[in-house]
Amino acid sequence: MLSSTSTPQMAVPKINILIPMAGAGSRFAKAGYKDPKPLIPVRGKPMIQVVVDNMRVPDAHFIFVVQREHYAQYDLGTKLRAVAPGCDIVQIDGLTEGAACTVLLAKSLIDSDVPLLTANSDQFLEWDAAEFVASMTDGVDGVVSTFIKDEPDVKWSYAKLDEHGHIQDIQEKKPISNIATTGIYMWRKGSDFVRYAQQMIDAGDKSNGEYYVAPVYNYGIRDGKKYIVKHCNRMWGIGVPDDLNFFLAEYKKPLIRPQIVDSTAVC
Numbered sequence: 002m003l004s005s006t007s008t009p010q011m012a013v014p015k016i017n018i019l020i021p022m023a024g025a026g027s028r029f030a031k032a033g034y035k036d037p038k039p040l041i042p043v044r045g046k047p048m049i050q051v052v053v054d055n056m057r058v059p060d061a062h063f064i065f066v067v068q069r070e071h072y073a074q075y076d077l078g079t080k081l082r083a084v085a086p087g088c089d090i091v092q093i094d095g096l097t098e099g100a101a102c103t104v105l106l107a108k109s110l111i112d113s114d115v116p117l118l119t120a121n122s123d124q125f126l127e128w129d130a131a132e133f134v135a136s137m138t139d140g141v142d143g144v145v146s147t148f149i150k151d152e153p154d155v156k157w158s159y160a161k162l163d164e165h166g167h168i169q170d171i172q173e174k175k176p177i178s179n180i181a182t183t184g185i186y187m188w189r190k191g192s193d194f195v196r197y198a199q200q201m202i203d204a205g206d207k208s209n210g211e212y213y214v215a216p217v218y219n220y221g222i223r224d225g226k227k228y229i230v231k232h233c234n235r236m237w238g239i240g241v242p243d244d245l246n247f248f249l250a251e252y253k254k255p256l257i258r259p260q261i262v263d264s265t266a267v268c
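Just so we're aligned, residue 2 is where the sequence shown starts under our numbering, counting upward by one.
Where hints are given, some of them may not hold.
Computed spacing ranges between beta-carbons, pair by pair [to be verified]:
| # | residue 1 | residue 2 | range |
| --- | --- | --- | --- |
| 1 | K254 | G205 | 28 to 34 Å |
| 2 | K175 | V141 | 32 to 38 Å |
| 3 | D94 | D163 | 40 to 46 Å |
| 4 | T138 | Y34 | 38 to 44 Å |
| 5 | S109 | A250 | 29 to 35 Å |
| 6 | R44 | N234 | 30 to 36 Å |
| 7 | D151 | K31 | 40 to 46 Å |
| 8 | K175 | H232 | 16 to 22 Å |
| 9 | K31 | N209 | 19 to 25 Å |
Here are the simulated lysine-lysine pairs, DSS-like style, with alpha carbons at most 27 Å apart [what the hints assert, rightly or not]:
| # | residue 1 | residue 2 |
| --- | --- | --- |
| 10 | K226 | K31 |
| 11 | K15 | K150 |
| 12 | K190 | K161 |
| 13 | K253 | K15 |
| 14 | K254 | K174 |
| 15 | K227 | K253 |
| 16 | K80 | K150 |
| 17 | K190 | K227 |
| 18 | K31 | K15 |
| 19 | K253 | K161 |
| 20 | K150 | K35 |
| 21 | K161 | K174 |
These are computed hints drawn from the structure, not numbers from a lab. Note that the structure is a prediction, hence the values are computed from the model and not measured. Think of the CB as a built atom: it goes at the ideal place given N, C-alpha and C, for glycine as much as any other residue.
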């Protein structure tokens with residue numbers, strides 16, 4: 002049985018950034034890690050802090066979806082509010098049928114005209130987050146963060162573009178192009194995601210047995226929405242022990258918390 006609770010939103014943001022962190026994290030547990038994945042230290046910081054710092058933009062409001070059991074056991078409320086003051090925290094009981102379902106459990110917080118960005122809780126991008134958000138110009142209904150992947154790998158989702166540079170198809174775990182997605186997805190309106198995700202779920206349109214976020218864009222495309230991609234410099238996965246160890250060994254730059262100017266929602 003799934004349920005959710007959240008704290009009330011403090012102010013109307015310019016963008017909601019939603020990070021689901023309600024998975025089992027079984028591979029780290031099997032490797033001997035005691036903390037849940039979001040709290041695993043990455044150069045002295047909890048992984049979730051590294052992720053949040055990597056995508057801070059002015060006037061962003063962070064929303065986290067967590068397991069109720071973890072919330073109580075690891076004092077996630079205190080820890081997450083230290084990382085993202087004023088955040089909302091949605092607590093759920095049990096695993097869902099996929100990331101799209103998990104995001105929808107925050108429907109009451111995102112079903113609005115406020116832009117929505119969803120991100121994984123276990124990745125690091127070499128990019129400019131503010132530049133990514135600013136790329137959603139007039140006439141663009143959403144932006145997908147991407148990178149070039151010339152060697153096909155079913156680990157990723159892929160976007161195919163039309164002659165105008167708009168996304169014409171996104172497939173989960175199917176290399177339909179060399180444009181792979183990083184797992185960061187932005188929508189001009191949170192209500193668009195809610196509507197199209199619900200359509201996908203109502204249609205029973207799963208990928209590999211789950212409801213993912215990326216294919217939700219296909220329902221918007223059918224409705225005439227225009228989506229584009231924006232490449233990052235590099236994407237690092239840190240969601241499994243081998244990937245985290247590789248990142249720690251190879252990424253040499255300091256993990257510095259960016260300074261946000263004139264932002265009332267993010268400290």
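Right, here's what the structure says about each hint:
1. K254 / G205: 28 to 34 Å: Given a distance of about 44 Å, which is not inside 28 to 34 Å, the answer is violated.
2. K175 / V141: 32 to 38 Å: violated, 24 Å
3. D94 / D163: 40 to 46 Å: Distance hint for D94, D163 holds at roughly 42 Å.
4. T138 / Y34: 38 to 44 Å: For Y34 against T138, whose Cβ atoms are near 42 Å apart, the range 38 to 44 Å holds.
5. S109 / A250: 29 to 35 Å: violated, 42 Å
6. R44 / N234: 30 to 36 Å: The hinted range 30 to 36 Å is violated for R44 and N234, with Cβ atoms some 19 Å apart.
7. D151 / K31: 40 to 46 Å: Given about 32 Å between the Cβ atoms, the range is violated.
8. K175 / H232: 16 to 22 Å: holds, 20 Å
9. K31 / N209: 19 to 25 Å: holds, 21 Å
10. K226 / K31: violated, 43 Å
11. K15 / K150: violated, 32 Å
12. K190 / K161: Satisfied, since the Cα-Cα distance of roughly 22 Å is no more than 27 Å.
13. K253 / K15: Not satisfied, since the Cα-Cα distance of roughly 33 Å exceeds 27 Å.
14. K254 / K174: violated, 31 Å
15. K227 / K253: violated, 37 Å
16. K80 / K150: Violated, at roughly 35 Å.
17. K190 / K227: holds, 13 Å
18. K31 / K15: Cα-Cα ~40 Å, so violated.
19. K253 / K161: With Cα atoms ~33 Å apart, K253 and K161 exceed 27 Å; violated.
20. K150 / K35: violated, 34 Å
21. K161 / K174: Within the cut-off at roughly 13 Å; holds.
Of the numbered hints given earlier, the model fails hints 1, 2, 5, 6, 7, 10, 11, 13, 14, 15, 16, 18, 19, 20; all others are met.
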